[in-house]
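K.L.:
Here's the letter readout for the chains.
There are 2 protein chains.
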Amino acid sequence: MYDCIIIGTGAAGVSAALTLKALKVNFLLLGDKKLSRKIRSAEKIKNYPGLIGVSGEEMSKVFLTQLADAEIEITQGKANGVYPMGDSFSVMCGQVTYEGRTIILATGVETIKPVKGETEFLGRGVSYCAVCDGFLYKDKTIAVYCEGEEEIKEVLLLSQYASKVYLFCPEKVKVDAPNVERVGAVIKQIKGDMRTRAVVGVQGEWAVDGVFMLKQSFGADTLVYGLKTEDGAIVTDKNQGTNLAGVFAAGDCTGRPFQYAKAVGEGNVCAYSVNAYLKSGKGV
Amino acid sequence: MYDCIIIGTGAAGVSAALTLKALKVNFLLLGDKKLSRKIRSAEKIKNYPGLIGVSGEEMSKVFLTQLADAEIEITQGKANGVYPMGDSFSVMCGQVTYEGRTIILATGVETIKPVKGETEFLGRGVSYCAVCDGFLYKDKTIAVYCEGEEEIKEVLLLSQYASKVYLFCPEKVKVDAPNVERVGAVIKQIKGDMRTRAVVGVQGEWAVDGVFMLKQSFGADTLVYGLKTEDGAIVTDKNQGTNLAGVFAAGDCTGRPFQYAKAVGEGNVCAYSVNAYLKSGKGV
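These protein sequence lines map, in sequence, to chains P and X.
Mapping to my numbering: the first sequence position 268 is 268, numbers consecutive.
Position in the second sequence counted from 1, then plus 284, gives you my numbering.
Extracted from the complex, chain P is given alone in its bound form:
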């Protein structure tokens, strides 16, 4: 059991981790070991105090060195769901589960908006996790959306369960399985009644029993059930607390401006709020 689980390794997650470490809180930093794709891909950062005109690549290097100096390890993993367990939380991460007394969401901003019907049919045929839910579709017909090569392993896993996989992917990926058919780039809509019944693409409609949306990032409210959001941003108070006790949020996932300085500031505040929350005896 960790005192805190930080989900995300962007600027907000890194800042929260450095400060939790200084506060001697026992935490897990969960995300991409190379740091978030967004940090790495920035061309030039002009207005971050302390780093003069660096690229995202250079900023990442400094952050990684700083984490190593502070003896903070990143646990590689993508959270699929956060579940309240009374006084603590379970974070599902593929087949692994981590337990934490508090959560800091530093998941960044969702780059792809949910398609029509996605949120509506979530848990009723729509899933984000091949490893978690694949077995539910044994000998069934499913649709899978993925962003590129990085998710092909998950598509192959799903092809072992399902009888037929309709694949949607913006890239022309090659999948070595006879029952996988790439039928388009994007899913436009998910349809159904009590459960998912069909997906709509640009070139038609396909009857399916389930849909897997294998995206790099999720809407925070689909990651954490019951989390209050507004226009896709997590609603936070001045202490970066959310509407759920023990869940805090920082960085792009709390809304604009999408800036490194803001993310770093909110991550710092989260760490202090988590510390105060733990010391108050809550979440223990």
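Hints may contain errors.
[What the hints assert, rightly or not] Taking lysine to aspartate or glutamate pairs in the DMTMM-like style, the calculated list, with each CA pair at most 25 Å apart, reads: (1) P/K279 to X/E514; (2) X/K400 to X/E435; (3) P/K46 to X/D353; (4) X/K328 to P/E71; (5) X/K330 to P/E71; (6) P/K140 to P/E150.
[As the list claims (entries may be wrong)] From the structure, some residues in chain X lie toward chain P, with a derived Cβ separation under 7 Å: (7) S299; (8) N331; (9) Y556.
FYI, nobody ran anything at the bench for these hints, they're computed from the structure.
Glycine included, each C-beta is placed from N, C-alpha and C at the ideal position.
Position chain X against the provided structure of chain P, taking the given hints into account.
P.N.:
Here is chain X on its own, set in the frame of chain P:
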């Protein structure tokens, strides 16, 4: 007329300035040319993302280089008062006045609490500015509180107006004027009826017509009339807006945690909020 005046050159003020510059907003950065005393005096900063284990002195150097690179100049000065002028604000700074459409308060945290009666008699015998109000006390008896050598020039100026100056100062400063008498280290209380009538020190009470509190930093609510504060911290919303339209605040002056990362984040958010405020046609 500036579009924005940033008051304070700590981490929050520097961050706001870098981002306002990137947003091409025409602004004035008002404060200590060497940056705030608090940044400079930090021994070791462990948890600021981007600068690994630096001292405050080293952080100041990086910030100053960054400001110079961005062609941002600091205007040396200590604001004594911010006055709303309809659609803009006047910032009094000794004998100089600057006009701005918006204000970013990045004044840090007040290190010395107001003494009993100070806020009550403000404008009724209590003043923070020798240059502004000294002439009001021609041939009168006044008390002056100052923190050290840096304010002696102001004490001398006051001694030219007043017939008698009772000086309170924690340091044993030497003032070369016959009518200045150091009577204690601190003022404990200011008393009066409709106006200030006396000051109370550790060793007695002195009848005076006015009191000058020459402090390095003020409570934000004494700097800006009508500003909403709670426990000495400026109350801000998620966009760092205060209860006064056009006035934003960032850093230690908005409350705990007193951290560089938080200050930098809030400064950044202020810059975006000022920009949005100006673009909305308000304050123009």
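K.L.:
Holds or violated: P/K140 with P/E150, Cα cutoff 25 Å?
P.N.:
holds, 24 Å
K.L.:
Do the alpha carbons of P/K46 and X/D353 lie within 25 Å of each other, as the hint requires?
P.N.:
Holds. P/K46 to X/D353 sits at ~10 Å (cutoff 25 Å).
K.L.:
For the pair supplied as a hint, X/K328 and P/E71, is the alpha-carbon distance within the 25 Å limit?
P.N.:
Distance of about 18 Å is within 25 Å: holds.
K.L.:
Double-check X/N331 for me: the hint is only fine if its C-beta lies closer than 7 Å to a C-beta in chain P.
P.N.:
Holds, because the Cβ-Cβ distance from X/N331 to chain P comes to roughly 4 Å (cut-off 7 Å).
K.L.:
Would the hint on X/S299 stand, with a C-beta cut-off of 7 Å toward chain P?
P.N.:
Holds, about 5 Å.
K.L.:
Just to be careful, I want the Cα atoms of P/K279 and X/E514 compared with a cutoff of 25 Å; is the pair within it?
P.N.:
holds, 23 Å
K.L.:
Given the proposed pairing of X/K400 with X/E435, does the C-alpha separation stay at or below 25 Å?
P.N.:
holds, 22 Å
K.L.:
Are X/Y556 and chain P close enough, Cβ to Cβ, to be under 7 Å, as the hint says?
P.N.:
OK, holds: X/Y556 within 7 Å of chain P, min 4 Å.
K.L.:
Does the structure keep X/K330 and P/E71 at a Cα separation of 25 Å or less?
P.N.:
Satisfied, since the Cα-Cα distance of roughly 12 Å is no more than 25 Å.
Taken one by one, the earlier hints all hold for this structure without exception.
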